Amino acid sequence: MVIGRMLAAVSLLTAATVPAAPAVASAAAPEKCAPERGTVSIAESWGQKRLNLPEVWRLTKGAGVTVAVIDSGLDTTHPQLRGARAEDVTGTGPHDCYGHGTAVAGLIAAVPRDRVLFSGVAPAVKLLSVKYTVERSGEVGMLVQAVAKAVELGADVINVSTQAADLPDLSNAIAYALSKDVVVVAAAGNVDKDDGSPGPAYPASYPGVLSVGSAGPDGRRADSSNATTPVTVLAPGTDLTTPWPFRVYMEKREGTSFAAAYVSGVAALVRSRYPELTQAEVVRRIALTADGGSGTGTGRGMVNPLQAVSAILSSEAVALAPPEPAPLAADAIRQAPPEDTRSISVATWIALMSLAAVILIALGSVTIPAGRRRRWQPGTLDNRS
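Residue numbers (our numbering): 77 to 461.
No lab work stands behind these hints, which were simulated from the structure alone.
In this text, all values refer to a predicted model and were calculated from it rather than measured experimentally.
No residue lacks a Cβ here, since even glycine has one placed at the ideal position from N, Cα and C.
Treat each hint with caution, since some may be false.
As the list claims (entries may be wrong) - Computed Cβ-Cβ distance ranges for the label pairs, DEER-style:
1) Leu364 to Gly140: 22 to 32 angstroms
2) Lys256 to Leu193: 36 to 46 angstroms
3) Gly159 to Phe322: 10 to 20 angstroms
4) Glu131 to Gly295: 26 to 36 angstroms
Stated by the list, open to error - Capping the alpha-carbon separation at 20 angstroms, the derived lysine-lysine pairs in PhoX-like fashion look like this:
5) Lys256 to Lys202
6) Lys125 to Lys328
7) Lys256 to Lys225
Take the sequences, apply the hints, and build the full model.
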């Protein structure tokens, strides 16, 4: 694949209402890695309760599925994210100095722990982090490389919690991933009061991408969620708790980045539960089982993980022509009931007797008058020649 060298900015989708983490002074100086400080004590967020994960896990936890998070890196030392694979295309190492990548990855795949009120949507997936930026904004060329890297490493689902302009290299990268049967989930983008009328975000606006907007506890689209971007479904995107670098957590997170992470987890659950479905069919199932949308930017409404992995969709049944009946087995033919020969014989005899009666009547109409004239005496032969 040809990787473009365009330097257009690609923004990580944390809402403007949340204070931005300090940018890394230099990509070549990881010792200055200093994300916002997190907390050890956390409460369970409404978003996690809304998804009703324990009921979903009775059916699947995402085993056998690889989810790639293309973001700012990953803190693989976090107790709930150990065992994840971390890759880097920036040349700065896979660590997360911004925090965004760790938060997104945790929402997707954090493993449950005792006395911790947080877990990812699909804790049994194989988590793959592909770092493409060291701060809030990254280069589109790096994003394109990261998408290609994720596909190369066997991702079944790719989460892209970024927004960018519509550029040929990015479009080609997403089309390539979709052609490899990868479910691509992307954030619809954030807006604030100063944005005016924002345009659609990419890659969320590309055909085939599962585009995600954010919602609040009432199920309605959050004001910060970009309604200009075509949206497939909504997911929790306000007042959330997430894992954070240095083995802690962060509260009050907001943005379509985190909503997209929830839906990437659901996509992994669906792929695990229904491995025969194509990426397009996975997207369709998630859309059809959502709770129903209302208004611009809501798509099919709030994602419903339990319905997504359990609903019986008649539309998934392939309509086929009725099969030709199978030939009877030899023993079935031998055991077939014999013809009703008795009925046939009776019908034949009745017909013959009826014919005989007609003949006798015809003969009688000739012989009886002649016999009466001779008074029933035998006749003589006439030997005259």
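Structure-inconsistent hints, enumerated in ascending order: As far as the earlier hints go, only 4 is violated by this structure.
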